[in-house]
Amino acid sequence: MNKREFLKGAVLFFPAGGVLSALAAGLGSPEAGAKEAETTKESGGAPAGAKPDAKPYDPASHYYGMGIEVDKCIGCSRCVEACKAENDVPREPYFFRTWIERYVIKKDGDVTVDSINVKGKGAKDRVQDDPDVLRTFFVPKLCNHCAHPPCVQVCPVGATFATTDGVVLIDGKRCIGCRYCIQACPYGARYLDPRTKTADKCSFCYHRVRRGLLPACVEVCPTQARIFGDLRSKASRLVRFARMNKIHVLKPALNTEPKVYYAQLDGEVR
Amino acid sequence: MRIPEQIKRLALVIAVIVAGVLLTRFFVIPRSLIARELHQSSTVERELAKPVKLAGSSVCGGCHEDEYVKKNKGFHKNLACEGCHGPAAQHAEDPGAMKPPAPRDRKFCPLCHAYDASRPTGFPQINPTVHNPLKPCIACHSPHDPVPPRTPEACSACHAQIERTKAVSSHALLNCTTCHGVSQQHKKAPRTSLPTKPAAREFCAKCHGQDSPQKEPPKVDVSSHGGTYLCWQCHYPHLPEGRG
Chain A
662 MNKREFLKGA VLFFPAGGVL SALAAGLGSP EAGAKEAETT KESGGAPAGA KPDAKPYDPA
722 SHYYGMGIEV DKCIGCSRCV EACKAENDVP REPYFFRTWI ERYVIKKDGD VTVDSINVKG
782 KGAKDRVQDD PDVLRTFFVP KLCNHCAHPP CVQVCPVGAT FATTDGVVLI DGKRCIGCRY
842 CIQACPYGAR YLDPRTKTAD KCSFCYHRVR RGLLPACVEV CPTQARIFGD LRSKASRLVR
902 FARMNKIHVL KPALNTEPKV YYAQLDGEVR
Chain B
191 MRIPEQIKRL ALVIAVIVAG VLLTRFFVIP RSLIARELHQ SSTVERELAK PVKLAGSSVC
251 GGCHEDEYVK KNKGFHKNLA CEGCHGPAAQ HAEDPGAMKP PAPRDRKFCP LCHAYDASRP
311 TGFPQINPTV HNPLKPCIAC HSPHDPVPPR TPEACSACHA QIERTKAVSS HALLNCTTCH
371 GVSQQHKKAP RTSLPTKPAA REFCAKCHGQ DSPQKEPPKV DVSSHGGTYL CWQCHYPHLP
431 EGRG
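Here the protein sequences line up with chains A and B, keeping their order. If you use the working numbering, the first sequence corresponds to residues 662 to 931, in order. If you use the working numbering, the second sequence corresponds to residues 191 to 434, in order.
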C-alpha cells in the first residue's frame, strides 16, 4: 500500500467511525440523559413551599408568558427597581432586565424613543405639554422569551436555552461572554454583567414563578399594566388577557414568536 | 487473495486508535462535561436556588392586617406593599432583621403622581412645584388610603395668601392653631373676635430655646438673643428665614 491509498482509506475510515459513534450515542445516551436530567430536576426543583404530597412539577404542562397593557403604564419604574433588587442586576443605569421606553410622536411624523431609566442620555425627566406632540406613551420592555429565540441559535457553547415551560435561561457557568447573543437579540434584552463577564437577561423570575409567586415586576406594578400567566391553563389571567384584548407582539416579521404580548400597542413601537 | 502483512499491522493500529477514541468519548470524558440535559437541569437548579427578595403583599398582610385591609379598600388597592416599602422578604422571615423603609419625603409620590404628558389620561397627577411645595404628601394624603384632602381648609379659605406663604416655609407643617388661638365666633364674625398671637418670647422658645426637647428647629439663647424685642418683630413667622 502506498501513501495515497493509505490516505484514501483514512478519509473513508474516520468519518465512518464518527458516524458509528454518533449512532451509538444516539442509541445509548438520550433516554439515559433525559432520565437523569428529569430526576435531578425533580429532586432539586420541587417548589419550596409545596406540600410533600403535592405533585412534582411537570414543565411540559406549563408555558409561561407575559401580557403588557400599554395604556396602563404610567412610567413609574417601580418594575425596574423591583427587578434590580430581586435579581441582583448591577445598579449602574445601563444594565436592565426590564426597562421602560418613552415614545414621543410629533405631528411631522418624527418619532423619538428613549429609555427613561437611562440617565444623562438627553432623556428628559418629564415631558410637558407640547403642541407639536401628537401622542406620547410609555412601553415597558423585557426579554420576549421567544419560541424561536435567535440568541439560542447563535450561542456557540449552548449556554442559553429554552426550557420546556417556555423560559429562555442562561447557564452562567457555561457562558464564555462572547456577546453573540447580545448582538443577535432583536429586542436588545441582553447585557453583559460586568462582574461575571457573562451575558444576562430577564428570566421571568423563574425562581419566583416555580415557587408560585409572580415575577417581581408584575408583583409591584401599581396599575396592573403587566400580567403574568400560564398559556397552558385556561383559567390563567394571561389567557383571559389575550382573549379580551387585541394582541400584538414586537417585530412579528422576524418570526421569533415572542411570548410577551402587548395590548393597545402603537404601530410606531419597534 | 492474501492480505499483505503491513495492511494487517496498519489495521491493528487503526483499530487501537478507534478503540481509544470511543473509550475516551464514552467512558473517560465525564457525562457532566458534554450532556446538554445535565447542563440545562443544573442551570434550572441554580436558577431555583436564588433567594426571593420580594415576599408579596399577602405575606405582608399576615402581620400588618390593618394596613393591608385598609389599602385593599382604597385607591391603592392594586399597589403591592413592596412597591413603596421596598423588598421585604428578609423582614417577613425575621421581623427584627431588617425594617422596610417608609418613603416619607416629597420625592417619592411624584414618581407616579407628577404630571407627565406620556402618562395615560385620567391617572391622578399633580405638578409638584406648585402643589403645596415643601409639604410632605403624607401630611394630607394617607398613603394606605389616599383621598383628596378636605378643601378649603378652615383658615386658608380666607387667609389663602398666608397659607400659601407658610406652605413654602419651614413652618409648613405647623397648624395655624399651634400659634393662634381661634374662637368659633371668629368664623361667624371675624372682626368681633380676633385670633390671638403669641405675646411672649417664651412661646417661640418652646421649640427654638436651647432647652427645647425638639431636635430639628434652630436653637437660640432666648435670654440674650435680640434684647427685649418679641420674636415676630424681627422674624416673620409665616416665612422664617433660613429654610432648607
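Note that these hints are calculated values from the structure, not bench results. Please note: incorrect hints may appear among the correct ones.
In silico contact screen, one side only, chain B against chain A (beta carbon under 7 Å); selected entries [unchecked claim]:
(1) I193
(2) L212
(3) V242
(4) L301
(5) F313
Glycine is no exception: its CB is placed at the ideal position from the N, C-alpha and C atoms.
Honestly, which of those hints from before does the structure not fit? The structure conflicts with hint 1 only, although it agrees with all the remaining ones.
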